[in-house]
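Q: Heads up: the sequence lines are chains G and B, in that order.
Using my numbering, the letters of the first sequence map in sequence onto residues 318 to 672.
Using my numbering, the letters of the second sequence map in sequence onto residues 318 to 672.
One should not assume that every hint holds.
The list cannot tell twin chains apart, which means a pair is met if one copy fits it or any two copies do.
Said to hold, decoys possible - In silico BS3-like cross-links for lysine-lysine, where the CA-CA straight-line distance does not exceed 27 Å:
| hint | residue 1 | residue 2 |
| --- | --- | --- |
| 1 | Lys454 | Lys667 |
| 2 | Lys667 | Lys534 |
| 3 | Lys375 | Lys548 |
| 4 | Lys667 | Lys445 |
| 5 | Lys341 | Lys537 |
| 6 | Lys390 | Lys483 |
| 7 | Lys440 | Lys483 |
| 8 | Lys667 | Lys390 |
| 9 | Lys484 | Lys599 |
| 10 | Lys438 | Lys667 |
| 11 | Lys440 | Lys667 |
| 12 | Lys454 | Lys484 |
| 13 | Lys541 | Lys341 |
| 14 | Lys667 | Lys443 |
| 15 | Lys341 | Lys370 |
| 16 | Lys370 | Lys483 |
| 17 | Lys448 | Lys667 |
| 18 | Lys370 | Lys445 |
| 19 | Lys454 | Lys375 |
| 20 | Lys601 | Lys326 |
| 21 | Lys370 | Lys448 |
| 22 | Lys438 | Lys484 |
The hints are simulated quantities; they were obtained by calculation from the structure and are not laboratory data.
Since this is a predicted model, take the numbers as computed values, not measurements.
2 protein chains.
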Amino acid sequence: MGRIEEIIKRIGPVDKKLMVEAQKRLDNLTKPQDSLGRLEELAKKVVGITGEKNPSFKNKVIFTMAGDHGVVKEGVSAFPQEVTPQMVYNFIRGRAGINVLARHIGARVIVVDMGVASELKMKNEKLKIKKIEYGTKNMAKGPAMTREEAIESIEAGIEVFEEEYKKGIDILGLGDMGIGNTTPSSAVTAVITGRPVEEVTGRGTGINDGIFENKIKVIKRAIKLNRPNPKDPIDVLAKVGGFEIGGLAGSFLAAAAHRIPVVTDGFIVTAGALIAFELEPKVKDYIFASHSSVEVGHRAILERMRLRPLLDLDMRLGEGTGACLGISLIEVGVKILTEMATFESAEVSKSIEEK
Amino acid sequence: MGRIEEIIKRIGPVDKKLMVEAQKRLDNLTKPQDSLGRLEELAKKVVGITGEKNPSFKNKVIFTMAGDHGVVKEGVSAFPQEVTPQMVYNFIRGRAGINVLARHIGARVIVVDMGVASELKMKNEKLKIKKIEYGTKNMAKGPAMTREEAIESIEAGIEVFEEEYKKGIDILGLGDMGIGNTTPSSAVTAVITGRPVEEVTGRGTGINDGIFENKIKVIKRAIKLNRPNPKDPIDVLAKVGGFEIGGLAGSFLAAAAHRIPVVTDGFIVTAGALIAFELEPKVKDYIFASHSSVEVGHRAILERMRLRPLLDLDMRLGEGTGACLGISLIEVGVKILTEMATFESAEVSKSIEEK
Numbered sequence: 318m319g320r321i322e323e324i325i326k327r328i329g330p331v332d333k334k335l336m337v338e339a340q341k342r343l344d345n346l347t348k349p350q351d352s353l354g355r356l357e358e359l360a361k362k363v364v365g366i367t368g369e370k371n372p373s374f375k376n377k378v379i380f381t382m383a384g385d386h387g388v389v390k391e392g393v394s395a396f397p398q399e400v401t402p403q404m405v406y407n408f409i410r411g412r413a414g415i416n417v418l419a420r421h422i423g424a425r426v427i428v429v430d431m432g433v434a435s436e437l438k439m440k441n442e443k444l445k446i447k448k449i450e451y452g453t454k455n456m457a458k459g460p461a462m463t464r465e466e467a468i469e470s471i472e473a474g475i476e477v478f479e480e481e482y483k484k485g486i487d488i489l490g491l492g493d494m495g496i497g498n499t500t501p502s503s504a505v506t507a508v509i510t511g512r513p514v515e516e517v518t519g520r521g522t523g524i525n526d527g528i529f530e531n532k533i534k535v536i537k538r539a540i541k542l543n544r545p546n547p548k549d550p551i552d553v554l555a556k557v558g559g560f561e562i563g564g565l566a567g568s569f570l571a572a573a574a575h576r577i578p579v580v581t582d583g584f585i586v587t588a589g590a591l592i593a594f595e596l597e598p599k600v601k602d603y604i605f606a607s608h609s610s611v612e613v614g615h616r617a618i619l620e621r622m623r624l625r626p627l628l629d630l631d632m633r634l635g636e637g638t639g640a641c642l643g644i645s646l647i648e649v650g651v652k653i654l655t656e657m658a659t660f661e662s663a664e665v666s667k668s669i670e671e672k
Numbered sequence: 318m319g320r321i322e323e324i325i326k327r328i329g330p331v332d333k334k335l336m337v338e339a340q341k342r343l344d345n346l347t348k349p350q351d352s353l354g355r356l357e358e359l360a361k362k363v364v365g366i367t368g369e370k371n372p373s374f375k376n377k378v379i380f381t382m383a384g385d386h387g388v389v390k391e392g393v394s395a396f397p398q399e400v401t402p403q404m405v406y407n408f409i410r411g412r413a414g415i416n417v418l419a420r421h422i423g424a425r426v427i428v429v430d431m432g433v434a435s436e437l438k439m440k441n442e443k444l445k446i447k448k449i450e451y452g453t454k455n456m457a458k459g460p461a462m463t464r465e466e467a468i469e470s471i472e473a474g475i476e477v478f479e480e481e482y483k484k485g486i487d488i489l490g491l492g493d494m495g496i497g498n499t500t501p502s503s504a505v506t507a508v509i510t511g512r513p514v515e516e517v518t519g520r521g522t523g524i525n526d527g528i529f530e531n532k533i534k535v536i537k538r539a540i541k542l543n544r545p546n547p548k549d550p551i552d553v554l555a556k557v558g559g560f561e562i563g564g565l566a567g568s569f570l571a572a573a574a575h576r577i578p579v580v581t582d583g584f585i586v587t588a589g590a591l592i593a594f595e596l597e598p599k600v601k602d603y604i605f606a607s608h609s610s611v612e613v614g615h616r617a618i619l620e621r622m623r624l625r626p627l628l629d630l631d632m633r634l635g636e637g638t639g640a641c642l643g644i645s646l647i648e649v650g651v652k653i654l655t656e657m658a659t660f661e662s663a664e665v666s667k668s669i670e671e672k
């Protein structure tokens, strides 16, 4: 049995009984029932996932997975490919957006080279090299990677999780970096959801009308040429995906198998979640959707997975920045559950209707 | 000149020139332009408010203002009036929703008795007694308070701010507690915005259909009987408002005068902001709308003030809980501005279009 099947087999149901108990406790806290809205839902979901009545997030972790994309040769991005390794260095030095957000919530950031096109010259415990290849191949000319590489990328994502899990993970946020990576994300989304390419393609880092029209054409050509099978997520990943998307899918599966809440970020991470979801729909119960990205394809995936994002702040950076904001809200929900007084303990009178 | 006029006179314009500079800096950080969406707006607004290029929030403060309402005699709430002081004790003991949220963001909570109907028996530095009266009068039978009391309540809000400002306030969140206080908030909103009572009245702590219909009737009766002048916010506050609403209005004005960013919470706090706004529209430039409450009247006020809420999490607790979440996002925005690397400093290549 392969590593992917093995991890999928370990994904069990969430603990519904404990969730009912958590709801009872939430209803008995010194506040009108349901008055903390979605924060209460979050707490309940964490209880169901972890199987703990009093969960807490000592170890918050972000994986920012980086990869390059052969399809950038078609001119689909506003930034040159050299930016991928440059940003990896920026992450390791702690000066990128994700570092600011992760510090704010007290999370550690692990950067993973899933397939950056150049050799990363920095040695650092925060950087993991799981390079499958030096970037994917140009999917407008043939498959982005082989089926074996697609499997390897998912397995690498499982491995990253399991290595870091030993050091402690109570909640995981996922992030991405890779010039051109909204292009494979749109392709994956179009194939799996069956929606037209135009409906799931956005402007990525901020491309102009000309590049945008070209991007749509390139994605259509790649799908037509490679004919990925929508029922076979590994085939989709191989033909029109990316190494970081595969790695992210693996980490989603591993987090669910280990009963660790896992939080999406923007479009690329959510494309990884979609691959995981198509492999095993139960993974969804372990996932929190942090925010609604400006990228239109993002919403298409969330709708398919029936996940409702927590935030809508016009963000489209990726890296795990949205995941950090999501983790902060989930942590607040958990603290509500575990730190607030009940009506009895605080000697506060209940609502007339509840008496 | 009265204390209110004096503080209003001190509210100046925000620093537009510094905001332009902040925008330039934001555009030069290692991320696609505008990719952190509203977080960037928040940073820019804080720079304009404070006049500081590198703002930081060492002292985050929440004022939770409590008051009682004579109108509860009409049966408009699901909770008995005794809950107001009980919750004040809960706040002081640190076990209510606001305490959990404030700890999460590292804020200190000051509870203010603006007009609780009973004598608070606890002495504590976190509790300020600014009691105008033992609850308002029943507005369904006559004015909630005298014009002098309305002025006093606003002045008390200014005073609370100035006392705490001496101890340090870099950002202020406002909150409320008071059984029955969505009723005056709806009345104030209906009068000032000119909208029908039905459109600005919600279910508060969670009342059933019968109480809800009665609540609408009571508000209509109070407005008809007292004829508050929509052009005179102090008249509106006196006739159909509440002591905590006045106190909140005063703190909004004082924060703006001292160039301190001030963050709304739910419906009651925003009704306080509305009174402040009607007295001096410039106050708006100093206010951040944290979230969109389940209470419908809340949106009517935000629309009038043209403030766009940051969050929509189905919350309706009050106390300052929404303000805490807002402060956390504003702080993230500020950290983005002050902690992220620029393209030059990180040696990251810029977008092709920007070259």
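Q: A separate judgement is required for each hint: does it hold in the structure or not?
A: Now the hints, each set against the structure:
1. Lys454 with Lys667: between (64 Å within a copy, 24 Å between copies)
2. Lys667 with Lys534: For Lys667 and Lys534, the Cα distance is within 27 Å only across copies (25 Å; inside one copy 61 Å).
3. Lys375 with Lys548: neither (39 Å within a copy, 53 Å between copies)
4. Lys667 with Lys445: between (53 Å within a copy, 26 Å between copies)
5. Lys341 with Lys537: So Lys341 and Lys537 fail the 27 Å test inside a copy (51 Å) and across (37 Å) alike.
6. Lys390 with Lys483: neither (39 Å within a copy, 60 Å between copies)
7. Lys440 with Lys483: Classified as within; 21 Å inside a copy, 48 Å across copies.
8. Lys667 with Lys390: This pair counts as between: shortest inter-copy Cα distance 18 Å, intra-copy 65 Å.
9. Lys484 with Lys599: Intra 26 Å, inter 52 Å, cutoff 27 Å: intra-copy only.
10. Lys438 with Lys667: Close across copies (21 Å), not inside one copy (63 Å); limit 27 Å.
11. Lys440 with Lys667: between (59 Å within a copy, 25 Å between copies)
12. Lys454 with Lys484: neither (34 Å within a copy, 61 Å between copies)
13. Lys541 with Lys341: neither (53 Å within a copy, 43 Å between copies)
14. Lys667 with Lys443: between (50 Å within a copy, 25 Å between copies)
15. Lys341 with Lys370: Classified as within: same-chain Cα gap 12 Å, cross-chain 48 Å, threshold 27 Å.
16. Lys370 with Lys483: Answer is within: at 22 Å inside a copy they meet the 27 Å cutoff, but 42 Å across does not.
17. Lys448 with Lys667: Intra 58 Å, inter 25 Å, cutoff 27 Å: inter-copy only.
18. Lys370 with Lys445: Classified as neither; 34 Å inside a copy, 37 Å across copies.
19. Lys454 with Lys375: Neither: 40 Å inside a chain and 49 Å across chains, both beyond 27 Å.
20. Lys601 with Lys326: within (15 Å within a copy, 55 Å between copies)
21. Lys370 with Lys448: Intra 39 Å, inter 41 Å, cutoff 27 Å: neither.
22. Lys438 with Lys484: within (25 Å within a copy, 49 Å between copies)
Of the numbered hints listed earlier, those contradicted by the structure are 3, 5, 6, 12, 13, 18, 19 and 21.
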